[in-house]
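Participant: If you want the building blocks of each chain, they are given just below.
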Amino acid sequence: MIDRRIRTTIALVSLSVIALLASACGTSDGSAPDRLVLLAYDSFTPPETAFDLFTAETGIKVDIARGGDAGELIAKAALTAGNPEGDVLWGVDNTLLSRALDAEVFDPYVSTAHPLDGDLVDAGAGIVTPVDFGDVCINVDDDALVERGLAPPSSLDDLIDPTYRGLLVVSDASTSSPGLAFLLATIDRYGEDGWANYWSALVDNDVLVVSGWSDAYYTAFSRYGGDRPLVLSYASSPPAEVLFADPPLPEKSPAPTSVMIDSCFRQIEFAGVLRGTNDVDAARRLVDHLVSVEFQNTLPETLFVFPANVDAELPSSFVRHAPVVTDPATMDPTRIADGRARWVEEWLAIVS
Amino acid sequence: MARNRLVRPRSTSSAWSPRLSPIPSALLVTAVVLVPLVVLVVETVDDPWSVWTRPGVGRAVWFSIWQGALSTLITLAIGLVPTWVLAHYPVRGRSILMAVFTAPFVLPTVVVGAAFLAVLPTSLDRSLVAILLAHVFFNVSVVLRTVLPVWSSIDEDLLAAARTLGATPVQVAHRVVWPLLRPAITSATSLVFVMCATSYGVIRVLGSGWSTVDVEIYRRAVALGDVSGAAVLAVVQAFVVIAALTMWSRRSTEWSVVSTTSATTRRRHRGLEAMVWALGSIFLVPIFALAATSLRSSSGWSLAGWQNLFGLTESRLPDTKIVEAVSNSLVYAIVAACLAVPAGVSLARSVARRPRRWLSAVVDAPIGVSAVAVGLGIVITYDVDPIDIRGSWWLVPVVHASVALPFVVRSAVPLVLSIPSGLGEAAATLGASPWRRWTRVEFPLLRPAIATAAAFSLAMSLGEFGATSFLTRRDTTTLPIVVESLLSRPGSLSVMTGSAAAILLLVATAGLVVFVDRRART
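Just so you know, the sequences run in chain order S and R. When we follow this note's numbering, the leftmost residue of the first sequence carries the number 1, and every step to the right adds one. When we follow this note's numbering, the leftmost residue of the second sequence carries the number 1, and every step to the right adds one.
For the record, the hints were derived by calculation from the structure and aren't laboratory data.
Per label pair, the in silico range of CB-to-CB distance:
1. Pro48(R) to Asp142(S): 50 to 58 Å
2. Ala349(S) to Leu27(R): 38 to 46 Å
3. Glu324(R) to Ala349(S): 38 to 46 Å
4. Ala56(S) to Gly300(R): 40 to 48 Å
Ideal Cβ positions, reconstructed from N, Cα and C, are used throughout, including at glycine.
Using the sequences and the hints given, assemble the complete structure.
Facilitator: Right, here's the structure in full:
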C-alpha cells in the first residue's frame, strides 16, 4: 500500500493548512476591550495620527476597517444589523440614511461633546451624528468653454439649452452616489411631475451618462482628455485641483475649474454607534472624537468635505477655491427612502 | 475509426485512488461561495418571482447572452492565431510575448477602461465595440494559456506519420490535430463565454446603457436596496453558468491524449514572427496609453506621479501606503497560490482519471457567482462567535484562492490529460519508492500543469478587485484598491500617481508570471 503514505501526506498537509487558518482566525477576530473597529468606505483616508489623541486619552486603539463604497457599506451594515462587523460606522449619508434606519443598524447616539451645525444635527433624526457635508455640483472647465466662445451655464435650465448641447457628462444615478445626488437635485427642483421631462430634455441635449465619478472626471471631462467641459463632481473639487496640481500651482492662482452653484445637492455624512457593539460607552467616545476640532480639521484636505463642527477651521485652499453654496437642494431622508427605487428605475428607462 | 488509434478513451482504472485529492477544492469553494450564497438566499429572499418583471432585468439577461457569445467568437478567432504560431515556431522573445498577452487579464478593469477610453476614437467610447474589444483584450490570455501547452505538446512525428501515410493537410488538421486540441479549445471557449457573459467591471466602466446580469445584481443590492432580487438573480446565474460549464466539461474529457513529446522542430518563420509581435504591440497600446497618463501633467511631461508613488517627494496626497499595498498584494497572491495550486492540480488529476461532474460543477461555482452576492453572503454566514472571521486578514487570500481555483483547474486539466497513464505504475513495478515516484515521475510530468496553474492563480489574485473591495478589511489594502482610490480624487497628481501604481501592478504581475513560467519549465 505505497499510495496510502502519499495520501496520508496530503491529508496531513491539508490538515495543517486548516489548522494554520484556524489559529490565524483565533488571534485576529473579535474586538478586545482595548480596541474599537471603525467601519468606513474605501476612500476614508484620515492621517496616520488622527486617532493618537483618542488613544492617549482613553487607552483604546482604533482599527479602521474598510469595505467597498458607501452603498456597499450600508448594504452590508443592513444585513448584519445587531451583529455588526465593527463598533462605529463612518460614512452613511442622507441619501442612504433611511435604509440604515429601517434596518435598525444604529444604537441611537448624537454627540453633544462639541458644537455642531444645527441643521446637520436635525438631519440625523436623533439616531446618528453628522460628521461632514459636501455639495454635489456641476463643475466647469473654464478654459475649454472660453475656447468654444461660451459663457459658463448658470442654471439647471441652461443645461437643456441647445447652446450647451453635448457638453455635459454625469455619472449613473443607479450605480454612483454623485449621480443619485444630481437626480435628487433635479427632483427637488422640478418636482415629481417635472423631473422626468427635464431628464428627457437633457438626453435630447446629448448628456453623457457614465458609470462612476472617476469615469466622468478622468475620461470624459475635457480637463483630462475628454471632450465634455461640464462634469458632475463636487463643490470641493476646485481646491483639490489646486492642491494636487502638477506642476504645483502658486498659492494665489485661481483654480482651473469652477462650480455651477445652481446645480448643487447637499450630501451630509453621519457617524453612528452600531447596534450590537460590545462596548457602547467606548463607541460613543469614539463618535465624540470624530467630531472634535482636532479630527474635523483634517477632513477638508483628506476627504474634501466641509466639517460639521462649527469651530473647525477651513484651510486656505478651501477658503480661496471652494465656493460657498448658499441654497443647495436638500431632501428629507424619508422622502428619499420612499421614492428612491422608483425614481432610479424610471430614470434608467429615460437615459437608456 | 482512424482517430481511435491516436486518442483512446480515458482510463477508468487507476493505481492512484483519487479519494482524497478533490476534497480540498470542494471544501474551499463550498465554504467560500456556495454556503454564503445559500445563506443569503435563505435569509433575504421573500419573493423569488417579482424581480423578473422589473425593468432592465430581462434586457440584462438577453444582453449577457448575446454579447457573451459574440465576445467569445472574436476572442477565439484572434487568440488562436498567436497560439498556433507560438506552438509551432520558435519565436524570439517568447516569454515576453506571453507576459504581454497575460498582463491584461490581471489589470483592474477601471484602469483598463481608462486606458481604452484614452486610445479609442471618441465615436467608439462606451459603445458595444469598446466592450467587445475590452473582452478580447482581457480574455485572449485564457485561450493562449489553455490551448498553447496542449498544442505545443502535439507530437510532430505523429503529424509527419499522417502525412507520410497520405493524409492531406485538411485531413491532418481534422483527424489528428482537432481531436487532440478539442478538450483545450472547448475548455477555453466555455471559460471565455462565462467570463464575458458575467462581465462586471468592463461593463460598468465602458458600457453606459448596457447592463449584464452581474451589473444588475450590484444595482439591485447596492443602489436599489433590493437584496432579495439580487440574491434571486445571483443564484439563477450561478445555476445557469455551472450547468453550461458542466455540459461542456463532459464533452471535453471524453478523450485523453497519447502523445508526450514536445519539441519545436520547425525553423523560425520571420513573417509569422512579425505578425505575432504586431499583435502583441496592439496589446501594448492601452498599456502605453496608461504609461503616458502617468507622465502627463497639466503642462507637459513630469515624473511627479512616480516620485510620489515611491515616496521620493513629500506627498501632498492623503496617505496611500503604497509599500504596504504592494507587500500585501504579494503576500495574498502567494498565500492564495499555495492554497489554490495544490488543491486545483490534485483535483485536475482526479478529474482526469475519472470524470466527476458534480465536483467540476462545484469548483466552477466561483466563475458564475457575483462577487457582490458572495461578499454579502460571507458577512451574514460567518458571523457567529467561534467562526466570526469577518475582517480577518486571511479571508482575502482565501477568497482569492477560490476565485482562482476554476482557472487553475481548467488550465491544469488538459495538461494532466496529456500525461500518459501507467508511467507511475511502471516505476512502482520497477521498485521505485513512493517518494522517488513522486519526485522522478509524477512531479516532472505535472510540472507544466503546476506552472500554468500557478501563473493563473498569482495573476488573478494580484489583479482581483471586485471581491476584495467588498470584503471588510482591517487596516489592509491591496494594489488594485490603491489604484482605484487614487483615481477617485480630483487633481492631476492623483491621476498620475494612480496610473503609475497601475503600471507597477502590471509590471509586478508580468514579472511574477514570467518568473514562474521559467522556473517551472526549466
